[in-house]
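At position 1000 of the sequence shown the residue is numbered 999 (numbering that gives the first Met the number 0), and the sequence of numbers has no breaks.
The set of hints was computed from the structure by calculation and includes no laboratory data. Possibly wrong hints are sitting among the right ones.
[Said to hold, decoys possible] Within a straight-line C-alpha distance of at most 35 Å, the following computed DSBU-like cross-link-like pairs (lysine-lysine) qualify:
id, residue 1, residue 2
1, Lys74, Lys35
2, Lys430, Lys378
3, Lys373, Lys625
4, Lys81, Lys373
5, Lys1164, Lys1180
6, Lys35, Lys75
7, Lys1044, Lys1076
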Amino acid sequence: MNCRFWKKICANNSMEDDKQVSLTPALLNRDSESDKKQYRSVLNLARKLEEKDILNIALTGPYGSGKSSILRSLKKDYPKYKYLSISLATLKSPLDDKKNEIDIDTMNNRIEYSILQQLIYKEKQETLYNSRLKRIYHKSHWAQYALSIAIILYTIALIIVFEPSFLKVDWICNRLNNPVLNKWSDIFALSYIFVATIIFVQKTVKSLSNSKLNKLNLKNGEIELKENKEDTSVFNKHMDEIVYFFEVTDYNVVIIEDLDRFDNTDIFLKLREVNQLLNQSNSVGRKVTFIYAVKDDMFFDEERTKFFDYITTVIPIINSSNSADKLKEELEIKGYSDLNVEVIDSLAFFIDDMRLLKNIVNEYAQYREKLDEKLDQNKLLAMIVYKNYHPKDFADLHKGKGVLYDCLHKKSELLVERNRQIDERINGITKKLQSLEATHAIQEKELRLIYIEGYRRKLSKQNENNAFLFFVENNFIPLEDIAENETLFNSFISQSSFRYQCFKRHQTNTYYGVRYYYDISEDSCNIQFSQIEKIVNSTFTYHERLEALREGEKRYREQIKILELSRNNHYATPIQELLLDVDMQTHKIFSELNVSKMLEVFLKEGLINEDYFDYISFFFGKSINKHDHDFILELKLRHSLPYDYHIDKVGQCVKNIPDKCYNDVSILNIQVVDCICQHLEEANNSKLHSIAQVIMHNKKWDFLIDFYKSVEDSSSLFNHLGSIVDGLWKIFVKQNSDELFESWLRFLELNHSTKESRNWLNKHFAFISHRVDLIGFDTIKQIVSNGKLIFTDIDAESRCLLEYVVENKAYMLTPENVVCAFVHYRNERMEALNNYPLNVTILRSCESAKPVSDYIDERFDDALNNVFITDAAKQESVEIILEIINSEDITEETKRKYLSGQHNRVSLSYVNNTQWESAIEVDIVTPAWPEIYAFYESQNNVMIASLRIFITKHIDELTDISELDDTQKELLANSALLTSDFEMSVYDKLIKIFDGVTFKDANINSVDNAHFKSLLCADMLPYSTYYTTTIRDNHSDVLTYYVDKYLDECIIEIEELPTDMRLYKYLMRNPRVIGEKALSVVQHFLPHIVWDNELANITLPVVKNNIEKFDYDTEKNILVDATNLPERLSFLIDLIEKYRDDFDIVTELIESLGDSYRSITDKSKKATIENNHMNEMFLGKLKTIGYISSYREDDDKLRVSHKRNY
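Work the whole structure out from these sequences, hints included.
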């Protein structure tokens, strides 16, 4: 009794603790306020059942609207009707199996067959005894016993009545031989046989009544009597069975549910036909009403009224809009109030069926009680909701397949896609940034123009002039160019005083009034930039306004930086985060999975994620699921799987992996190795060592790349590899992977640095600067410091790193590096650092760039050679030039190279005496005669080559020599002009410069002919006997120029002249040599003349005019060699007059004229000569002295008449 009591108590407690809710349709309480409205449908149905003409009633409403509850309440509250319920919920709809579609007729036959089955099997076989649809007939043990006894009694009765002899037993007969007994035994036996026979015949007749003759079997064949009804529907074929059913039963209300699952309206026509036959059948003899529970959208348009006599609609108790409240209510009833309201709202959005909602709550309660209480209950509820809507996919999840499983294991593809999208966004923002920078460049230029205009306005108020050029960095630069170049503008505003060129207005009074005119003038002024800032904008400074312009760029750069930092692909990234911007319905990764909207929402809201297995199975601490079990099996078989093969429970999986598997390459799984690295216990240390050995021996460096990319902290593995692998850096270099280089910097460089790695780092500053946040600034500082790195190329990607490197002088002095650092400290923005106008002057003028200038000063010589290489290097200030030229730490070669070509000039007075020659040679000295004379004097009054080159280069600037006294001028002139070292163009300019200086009997042996001519032309060489003899002896080629210059003096001292025939010819042709000068020349040169035609021709006029002063031989030679006949005739006429008394001489002179005149002297011939004026004068002179008798004209000739005797 005690045992039974405690069992009862336990049972009661169990019932009290049971939180499960029945899923059967609920009964509506007509007296309940909450059910009153819903109960009206029950009343409607009850009233219509009483109406005679209402035979087909439709109860419509969506799934889960409460149709079954209404029908159940109808059956309970109106028991006067005999209800027959038919449900097709167990019949599989062809809509559920799209792969194996069937035609409508086949589907209808299946439905009809199912309905017929439910009719036949609803009642016992005894009730439907005459049904031809046979089924298994089951007799109870008592029935079998009764039948057996009845047969035995029937047999005994036959024996008693007929007493067969073969069954006769004498001793029995003797014992029962009693007349009364025999009489009553026979009566009883005959009665029993009679009754039993009647019953048997009745049963036999019933059995034969539902039989049909289908075949006749004959001896040699058979006759087929069966009709062909293959195309006949089940209802038509067995309509008599249906009528018979209702004939022998009392059912008058047939309730048909779930018929709408087949989306087929044809079956309703057949059911209506069946209903009509039943109600018209006299054998049935009563009204039979069909009630159909169907969904609202089963029929279209007028079809609704065609099938049914009455339609009543059920309004759903819940739908997606109010299911959240109902779900909360059901959960609270069970005592679950700790779930997130927003999660419940999200889950309930997909629930529109009350029965399914209750089942979800039931299953949630079961799972919650059985699984770990520490689980996230929101996720558990979401998993239960998904299970109820997608049960097959939920079951596949246990097997490691299905849509949900595939979605969760698409993470690696999502990571690739996500990084691609990030890259696209970075590229898009970069393009916007470039566009914005281009726009800002214009805006910044306009801002600078505003402040430059402020300078101009202030100058206009002060001086009433219009400045158009400002002196910046040793040049006058237009305002537009200053505004265009930020560097120039910064230099400009840093000046407290400056020079400028402007248009200055002047006025003059004219007859027409006051006229104005402008000229360009240069001026200077002292204006602080702070004054201009107040004039332009008193609220904000220039730099504040510039910073405001650049705010947009900063925002874009920050966005790019954030995106670059987010470009991680660690497998630990929640899939929820990866799916945020992914449309799983159309995305290429999920397009083939046919992901439901519910699953998409659950995944994106994180209600289902990678830890799904905790919510679908028990956790026993050491258990692993089938998926992980398969992984371990592959390891045992030494089958390598992808590195990123997903493991559900990594920790448990690692514990179940045999130790021997850690020595095979198949162990290389990212999650496994990461788990071991994160739990480096003693056992795991040996496992990690084995894994490192596997990577090393099998050269699985690609695993290292994937591992580094996928996990948050991979330091343990890399540190272990660094300790066991020699030459690991060389291996990384060979792989040429950014991930491996990055991992080396993060984990290995500090403790495993090599010369090769440091050399690589020296050349890859950009690689480091782009990863400062990832590697860690402190780590990088240690790397730079410990490795004494000197970077070849730096950039401004990381402000802190750049400043650290500059301040610690850990970079090479190259133009790009120095400009990069300088621009950074100057807070300028430069698109390209090439050809940046930087020199020592500009660098030192920027106080903020002192770390750069200090480094330059330490290695000044090197910097001058390798850093300052642009044109700006030739624009150093005077102070810097003097510092360089006077420095003892800079080599002469560097000085000459850097100072050569400088725009600015210095005075030698500020240059060390030892550097004067270098200063002159590199051309940094102010081109002025005092500077030249100072250097000249330092060279012991010697014009050395470098000075001559300097003078030649600046000859156009050396026009003013007034600062020198006469002595200094003469000294310089002697050295500069009495040589031929200067080119003629320069020499001629020097002569003009030294105008007024003369050289008296100076040594001119070093002066060549060309330079000598210039000296003569400039009257710098006065006439002297010294110069005459010197020129005669050493410069004979220019003697003629000298003689021409000083002709009178030379004629006076003609004995000093050489007797060179070229000089003679030059003098005789000189128009200034006439009269006595010509006679002196002829007389001086006559003893040295060797006559020829040219000499005779130039001498003839002088001799002719001074005929008495020359002897006969000279006269005859001239007459013979001269070639001008008229002049010869004229000269001959004068000679005839001189020698008129000596006819022999006259004859000799006439014969010297040639053959045409020789006949005149031969009396034996008739002489004729050409008839012209000179010949006529010549013959007249001969006639006058009596040499001929006469002459006369004879046509064009003059005929001579000889004298007989002279």
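- Honestly, which of those hints from before does the structure not fit? 2, 4
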